[in-house]
Amino acid sequence: MVASDIDIDVAEGELTAVIGINGVGKSTFLRTISGIQPALSGRILINAEAREDIPPQQLAKLISLVLTEQPLSKNLSVAELVALGRQPYTNWIGTLSAEDRKMVKNALALVNIEDLQNKKCYELSDGQLQKVLIARALAQDTKMMILDEPTSHLDMYHKAQVLKLLKQLSNQTGKAIIFATHEINLALQLCDKIILMKPGEVIQGVPKQLIQKGHFESIFPSDLIVFDPETETFRIKT
Amino acid sequence: MQSSRPYIISLLVLLLCTVGAWFLNISLGSVNIPFGEVLTVLFSSEAENSNWQYIIMEYRIPKALTSVLAGSGLAVSGMLMQTMFRNPLAGPYVLGLSSGASLGVALVLMGASLFGGLAGSVLFSSWGLVLASSLGSLLVLLAVMLASVRLKDTMAILIIGLMFASLSSAVVSVLAYFSPAAQLQQYVFWSYGSVGDLSWTELGVLSIFWTSGIAIALFSIKNLNSLLLGEQYARSLGMNIGRNRALLIISTSLLAGSITAFAGPIAFVGLAVPHLIRQVVPGNDHKILLPAVIFGGAILMLLCDIVAQLPGSEHTLPINAITSLVGAPVVIWLLVRKRKFIF
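As they're listed, the protein sequences go chains A and B. Taken in order, the first sequence gives residues 0 to 237; the numbers are from numbering that gives the first Met the number 0. Taken in order, the second sequence gives residues 0 to 342; the numbers are from numbering that gives the first Met the number 0.
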């Protein structure tokens, strides 16, 4: 059973988490918005324009992506990888202009990884690589950034670090940032908005509201874990 | 992000090596011609010995030019396939081109006895084998293209290419089993590969294919760089995956298909040169890699051809064997030394 009748909207400067059980369609949803996958049904409007009507070159200037487990070349240096975010703006052979170089530099600075720029990607830890991928998306200079489980391989500290970074980026750059995550506890503390995907139902709201209305109790089957509204965390049923 | 100067120096060094290998290739051969005379023939085209003049103008120069075109073309198509499939083991022949060509040639050479005289009349004209091998490649290519339109997954295309290769080599085996020894030998000689049999006209045709293939590769540089991030990121950067995939397949087919048609299947160059070049030239930008791989392929092929000629002797070794004999140990040595093989 997957989520259906999704009707949500996101605004600039907001950090939004997409939460739901495995297989409910979080990735499909995010991939559909971002245009790397055609919509199964329905319409996606970006700045009131239907997504299908926006040419891919134009869409690349509106939405940037951070995906996990992509077969990207680990032989790329950090600077090279981040610079590839400028592809929608460069000429036919991909020459970086002064403006492009400035944007790459800014992106590296925003994520605070300037000291990594000459490293090769195979030398990076998972957490560092995740930041590099976020910097690449920043260099793409889009109004909206979409991340598919950006914290999935990280330890708890680095999970928090990456999500904190996203929060800070949405404040600083005014981008609308949407990410799918399983880190419900962290998302509740950091996000402006949460999109809850349940089979057959999608609810969008401010974390506090969603908790008050008891929406978290029904995300997962209730035989193993329960949501404790007091501490805003899930606990194993005893 | 780094300044482009180190790249320019690497490229200049590679260019000089290519020119050096070219002169070396022309001056060495089974007939011993003094280097001074070679230069005289090249630049004033009048030598004391008219035999030498003939050898150089009609044999060695076309052979050296063929080596340059074949080596660089195969190397570029290898690079395109490695980037497209995100697989360091991909080469120009992963799409089944060489097996298609082999099948075409095998059908003409060995099938002639089975199908009667129809093929026989075309067969021994100099264009017979070229035609057969082109048709074979084209057939396999069309099949792969049809499959690639239906398939969303690039890896599946790789597997389909390999399956076509197995299919056609199976048919070749069956044909070989029923063929008389003479025809079988002819086929075996073709499969050795040769850069020495091209006339100036044939060289002209080959260079047209080469130029169009390289031109497509040139216009794909930006998309090749996007593909370093994987197809999904490339798409999110505004790239049209389907069109780009078709362009890369066409470029590879023009290059590898025409080279196989004229020079036979030449192993190893397409697979190895991109790796060798990555050891020499830093960075992953295809702006730099493309010219570097062109030079690298030309150098390797020119040197292998020198070895195959066994300078001073009357024998010529199969070029297909030499490319592997010379190249494979080099790659192994480089990898062992670097201890790292990251694509």
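None of these hints come from the bench; they were simulated from the model. Quick caveat: nothing in here was measured; it's all calculated off a predicted structure. Among the clues, some could well be false.
[Said to hold, decoys possible] Result set (DSBU-like, lysine-lysine): computed pairs, CA atoms no more than 35 Å apart in a straight line: (1) B:LYS286 <-> A:LYS60; (2) A:LYS197 <-> B:LYS151; (3) B:LYS151 <-> A:LYS73; (4) A:LYS207 <-> A:LYS163; (5) A:LYS104 <-> B:LYS286; (6) A:LYS73 <-> B:LYS286; (7) A:LYS118 <-> A:LYS73; (8) A:LYS212 <-> A:LYS236; (9) A:LYS73 <-> A:LYS166; (10) A:LYS119 <-> B:LYS151; (11) A:LYS212 <-> A:LYS142; (12) A:LYS119 <-> A:LYS207; (13) A:LYS119 <-> A:LYS73; (14) A:LYS60 <-> A:LYS119; (15) A:LYS163 <-> A:LYS142; (16) A:LYS101 <-> A:LYS119; (17) A:LYS104 <-> A:LYS197; (18) A:LYS101 <-> A:LYS73; (19) A:LYS163 <-> A:LYS104; (20) B:LYS286 <-> A:LYS207; (21) B:LYS286 <-> A:LYS142; (22) A:LYS101 <-> A:LYS60; (23) A:LYS60 <-> B:LYS151; (24) A:LYS118 <-> B:LYS151; (25) B:LYS286 <-> A:LYS119; (26) A:LYS236 <-> A:LYS166; (27) A:LYS101 <-> A:LYS118; (28) A:LYS118 <-> B:LYS286; (29) A:LYS101 <-> B:LYS286; (30) A:LYS212 <-> A:LYS166; (31) A:LYS118 <-> A:LYS197; (32) A:LYS163 <-> A:LYS119; (33) A:LYS60 <-> A:LYS197.
[To be verified] Pairwise CB distance ranges (calculated): (34) B:CYS16 <-> A:LYS101: 53 to 63 Å; (35) A:PRO55 <-> B:MET144: 20 to 30 Å; (36) A:ARG100 <-> B:GLY19: 28 to 38 Å; (37) A:LYS101 <-> B:PHE218: 23 to 33 Å; (38) B:PHE34 <-> A:GLU68: 42 to 52 Å; (39) A:SER151 <-> B:ARG336: 35 to 45 Å; (40) A:LYS101 <-> B:MET144: 39 to 49 Å.
Ideal Cβ positions, reconstructed from N, Cα and C, are used throughout, including at glycine.
Exercise. Of the hints given before, which are not true for this structure?
Worked result: 12, 17, 20, 31, 34, 38
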